[in-house]
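Asker: Sequence:
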Amino acid sequence: MNMRADVIVAGGGSAGLAAALAAARKGARTVLLERQTKLGGMGTNALVHTFCGLFHPDASQPWAWLNPGIPTEIGQSMMERTSQTAPDLMGKVYVLRQHPSLYARIADEMCLAEPQLTVLSGTEWTGLKQGEAGWELDIITRGNCQELNAKALVDTTGDATGARLLNPVWCEQTEGARLYRPAYICAFHGMTGTHDDGWRLQVGALIVRAVRDGLLPVASMGAGFRDSPFPGETFLTVDLEAGQGEWDPFDPVKRARVEQEGREIAMALWSFLRSKHADFSECPPPMLPTKAGIRETARYIGDYVITGDDLATSRRFDDDIALAGWPMEKRENARGPKFRFFDEAKPAGIPARCLFRQDVPGLYFAGRCMSADHEALASLRVMGTCMATGQSAGELAAKHASQH
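Residues 1 to 404, numbered by the numbering used here, are exactly what the sequence shown covers, in order.
What the hints contain is simulated information worked out from the structure, not anything from laboratory work.
Fair warning: there could be bad hints in the mix.
Straight-line distance between alpha carbons at most 30 Å, and here's what the computed DSS-like set of lysine-lysine pairs gives [unchecked claim]:
# : residue 1 : residue 2
1 : 330       : 291
2 : 26        : 92
3 : 346       : 92
4 : 38        : 330
5 : 38        : 129
6 : 291       : 276
7 : 330       : 346
8 : 338       : 291
9 : 291       : 38
I would like the entire structure built from these sequences, with the hints used as guidance.
Answerer: Rendered as structure tokens:
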């Protein structure tokens with residue numbers, strides 16, 4: 001079977017969702033490929049439960065949306081459905097608590113509203129060719145092989161899959177010891193009590209003592225808890241060392257071990273806290289994610305590689321297509337983040353040149369695999385910013401398709 005489109009978007013996370021919606025709204029016949037069964041990427045399948053990067057970075061002022069269009073639409077819809085009237089102020093930044101199930105439904109509704117958009121779920125991208133008329137993709141859906149053709153292609157896989165399939169020199173990957181660590185997140189239900197900063201310190205101290213006594217795995221010491229917008233539900237997040245210098249997110253054996261380690265820690269914490277802390281005593285086993293949250297794999301080398309210094313100095317460009325407002329949240333180990341904040345509380349520009357290569361017309365990239373250095377990625381990888389770069393990549397792809 002052969003399917004033709006104007007634009008193909010590969011990867012249905014926050015960037016891919018926004019790219020597909022943006023392209024379809026510009027009138028392009030758009031196909032969105034997603035290997036999971038839910039759109040939303042980390043925000044639905046890995047249970048990442050806060051939207052970061054949606055707001056202006058000046059936390060001394062009342063909160064304000066940073067990027068208009070799809071990022072704001074999704075943020076507003078989440079606020080309404082969770083009965084939130086404002087984001088949370090977390091230290092020096094604004095964050096919006098989001099619910100993975102609601103995000104999946106918001107994504108469905110937005111896609112179904114676009115007649116030019118077709119979503120293919122459970123679909124893997126296995127081959128790529130650049131032809132005279134554009135792009136030829138080989139895909140497989142539960143054993144059924146197809147070929148897709150399009151004038152423009154947007155890679156929002158988070159893994160720079162297009163580059164790795166066609167020409168690996170178009171992408172780069174940080175060495176394993178410095179790759180940002182994966183996160184494992186699960187949801188506890190039936191929680192009681194009030195969970196303020198004092199409560200988190202108390203639970204943290206309880207966990208530390210248990211680790212020292214050999215009752216919990218060492219990785220449990222990094223456990224963090226954040227309440228859902230709904231009573232009785234709390235999310236647990238644990239960063240994983242993942243073999244530290246041996247970590248390779250493209251190695252299926254190591255990926256499997258990360259998932260196993262995450263489940264081991266989550267269930268150990270549930271069993272321990274259920275017996276030792278009253279607020280957890282009625283909790284059934286936690287709801288586990290579809291997959292661990294992978295923060296970094298490979299990224300494209302575009303016409304411009306945005307840097308951490310560009311962000312820190314709030315640099316602006318003549319070809320800005322989106323704004324970055326989240327600090328660089330560097331997680332090179334499982335002992336917590338190291339933040340590099342912008343020198344001033346002003347957003348930084350993201351130039352269009354970070355989303356394409358002039359020597360490969362019709363190919364665009366956004367989200368976690370956009371053209372950025374390792375430090376800049378620590379800011380640009382968050383969901384709110386991924387929506388913004390995805391939206392811009394989708395618009396660029398639709399424009400290319402209309403001109404060819």
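Asker: Are the hints correct? Go through all of them and say.
Answerer: Right, here's what the structure says about each hint:
{"no.": "1", "hint": "330 - 291", "in the structure": "holds, 21 Å"}
{"no.": "2", "hint": "26 - 92", "in the structure": "violated, 37 Å"}
{"no.": "3", "hint": "346 - 92", "in the structure": "holds, 13 Å"}
{"no.": "4", "hint": "38 - 330", "in the structure": "holds, 28 Å"}
{"no.": "5", "hint": "38 - 129", "in the structure": "holds, 27 Å"}
{"no.": "6", "hint": "291 - 276", "in the structure": "holds, 28 Å"}
{"no.": "7", "hint": "330 - 346", "in the structure": "holds, 20 Å"}
{"no.": "8", "hint": "338 - 291", "in the structure": "holds, 24 Å"}
{"no.": "9", "hint": "291 - 38", "in the structure": "holds, 12 Å"}
In the structure shown, a violation is registered for the earlier hint numbered 2 alone.
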